[in-house]
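Peer 1: So the chains spell out like this:
Protein chains: 2
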Amino acid sequence: MRCDVVAVGTELLLGQIIDSNSAWIGGELAAHGIDSLVQVKVGDNIDRIVLQLERRLAEADAVIMCGGLGPTHDDLTREAIARVMGVELELDEALGDVIRDMFASRGRRMPENNLRQAMVPAGASIIPQTRGTAPGLVCPVTVDGVEKVVFAVPGVPHEMHDMFHRGIIPELQRRSGERFTIASRVLLTWGESESGLNERLDDVIAELDEAGNPTLAFLASGWNGLKVRLTAKGADAVEAARILDPWEERLRAELGDLVFGTGDETIESVVLDLMRQKGWSIGCAESVTGGLVGGRITAVSGCSDVFRGSIVSYASEVKYDLLGVPEGPVVSEESALAMAHGARRVLGCDVALSLTGVAGPGTQDGQPAGTLFCGLVWPDGEATQYFRLPGLREQMRQFSVINSLNWLRTTLT
Amino acid sequence: MRCDVVAVGTELLLGQIIDSNSAWIGGELAAHGIDSLVQVKVGDNIDRIVLQLERRLAEADAVIMCGGLGPTHDDLTREAIARVMGVELELDEALGDVIRDMFASRGRRMPENNLRQAMVPAGASIIPQTRGTAPGLVCPVTVDGVEKVVFAVPGVPHEMHDMFHRGIIPELQRRSGERFTIASRVLLTWGESESGLNERLDDVIAELDEAGNPTLAFLASGWNGLKVRLTAKGADAVEAARILDPWEERLRAELGDLVFGTGDETIESVVLDLMRQKGWSIGCAESVTGGLVGGRITAVSGCSDVFRGSIVSYASEVKYDLLGVPEGPVVSEESALAMAHGARRVLGCDVALSLTGVAGPGTQDGQPAGTLFCGLVWPDGEATQYFRLPGLREQMRQFSVINSLNWLRTTLT
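Line by line, the protein sequences are chains A and B.
Counting from 1, position 108 in the first sequence corresponds to residue 108 in UniProt numbering; the numbering is continuous, with no gaps.
Counting from 1, position 255 in the second sequence corresponds to residue 255 in UniProt numbering; the numbering is continuous, with no gaps.
Be careful, since some hints might not be right.
Identical chains share a label here; the pair holds if one copy fits it or two copies do between them.
Below, simulated SDA-like cross-link-like pairs (lysine to any residue); rule was C-alpha separation at most 20 Å, straight line [as the list claims (entries may be wrong)]:
#1 148 <-> 345
#2 227 <-> 265
#3 227 <-> 71
Everything labelled a hint here was simulated from the structure, so no lab data went into it.
Using the sequences and the accompanying hints, generate a full structural model.
Peer 2: Below, the structure is given as structure tokens:
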């Protein structure tokens, strides 16, 4: 089964947005045993979209079109597919109502052109939208007497990812007639570089290459850590799991404390669970991160049972006056520890984590950009930690978040 | 002049590396007045590379191939170009010496396969390498009696960028004989949907389509707002600017207060500049956003001159005890205003912005997910605002950030 990708949008060709969607789609297709051999970017021009779609359909069994489903005059994916199918666009009344209701529920007037998103090529079926207004499309098309299919999904990643798993993968597996199951195990790690992990796992990787199934991949995901993914192909979920179990054990044995979670966990959800186990509430004092740690923790729904809040003490005076940090240089071990004690008192929490550092550009208190001091106070102890982090301003700040939370995890576990 | 791009590498299709090279190339070509209308990713397979290169050459005047120039067996770009040119690969002795010398100078043994990088299609010329071992190639090819050209550059960005400006742009300009410049103006807007903007600008868009130059595009950039971009083609920067000026004026007249900034500004940088104009310091009290507002503001380097900090009062007790919010439901106008007053007192700032709401899933204080109340206190006034926002938990929180900051802007401007 071969499924190529056509990403639609002039902004992709002008480099204003980098097309990461087709790379994501290629990775997911591969994980489900489907080849994606050519991926194309084309601008918002009906003739060129049609030509590129026809070229992909001539070579592949299926094509995923990503983007160009919005309501405006330059959203042309629907028209292009209809032209390739040789059919008209028809208004889907049910879709029209969904879109009208969405605007109504927000008490907003609906510009008429939003109904463009309810236009569907005759003979196509819908992948219902759950997050946006543009639905996905499943469009059967016959090419030289061969049954093929064109999928259309929005370019907004979280909308696209959701529709891909709900509407595209099941349809592709149905068409391919292949019945094997692909199952993955993801170990979340922090504290070692990709090449470092690679080295630690040299022997395991050699044995895996030998075995061929499961396969192993490293997925760098920025401040969500470095993921190690095992993917196995089995007759069913049970067999796939049986194949994965011993290899996951091997990986855990090799990686030890570097593994902080699995699957959809995050360092912040792991820290929150740790607090629940201990029966402790937690709060923060943030300077260099300006609220990113609190922002990350509160992204986890249900965090309110243990998370109290965070004191973003960006100005030195706030550190002195509110947190009781002794006057003087604020990028230091002493300051970090005082910030943690201050946050614990002000927020009335059992555990307090503090971050003070230099994001750059430029130095502060004689410390270079990349300097991070963390403080940690809990009911029966306290600790500080120094980090020297890479990256420009924003990257340094994001590394600060995961490094501080992972340090809290290893310190209190 | 049209120059398409073919990025070569199986890792690009598997999503192990995101192809940012073709986006960069597209942006640079546009800046030099050259169209890049289709960009393709293909894996390390000689037949497929040849087929995709032939397809690009059938449509474009020139093609840039990026990647596949390394020394290993799966670096096939040279072979593919030679096949399309209908010529043999020949060893370029001078190149061979350069590569041998490079290894010698590093005191390293040269694996023989490195000489693959000295193989050149007969009739091609060289873009000398200054940073790596793989040279670039300029390969003239005749397609249906028309003179066209294929360029080959390495996939390593800094090597590719260097060769692009040295060897590709001059050759393309020589061939096109054209000398015009492309210039863009970006207006950042908030407060109207993409379709709403499209409707407000219906007449302008019609006139622009008539004129053909400049062109207009909408770029949704999530919580960075909705961008409206004008792009003009002119003999030089001065003429391009002269073409853009009246149209930018038209857009500003139509969009009015929806426009919060231009170019690389952000809503937070605009708010910080507004505070500087007024000579006011600013702080926040965040509940539903958990620190995201502070995190966004502190992403702007140099914010410390006006930004004091943020009180992330996630637990109700922190709102009551630290900010002096009256006990009772905390998702309300009254609570939002009290939070702002409390933050202004605790942080010692001139302006305080507060956010309290329901990110969901589920309701709070009888309010549905998507509810946001904001409070604002400044030296000579106070205000509150209710928003009903779309989206799941994280999307709602991000909309809360830009809506609250944009409301602050319109209230205090």
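Peer 1: Confirm or reject each hint.
Peer 2: Structure-based check of all given hints:
With identical chains, the CA atoms of residue 148 and residue 345 are never at most 20 Å apart, being 65 Å at best within one copy and 66 Å at best between copies. With identical chains, the CA atoms of residue 227 and residue 265 are at most 20 Å apart within one copy only, with a shortest distance of 11 Å there and 34 Å across copies. Proximity of residue 227 to residue 71 under the C-alpha cut-off of 20 Å is restricted to the inter-copy arrangement: shortest distance 16 Å between copies versus 37 Å within a copy.
Checked against the numbered hints above, the structure violates only hint 1.
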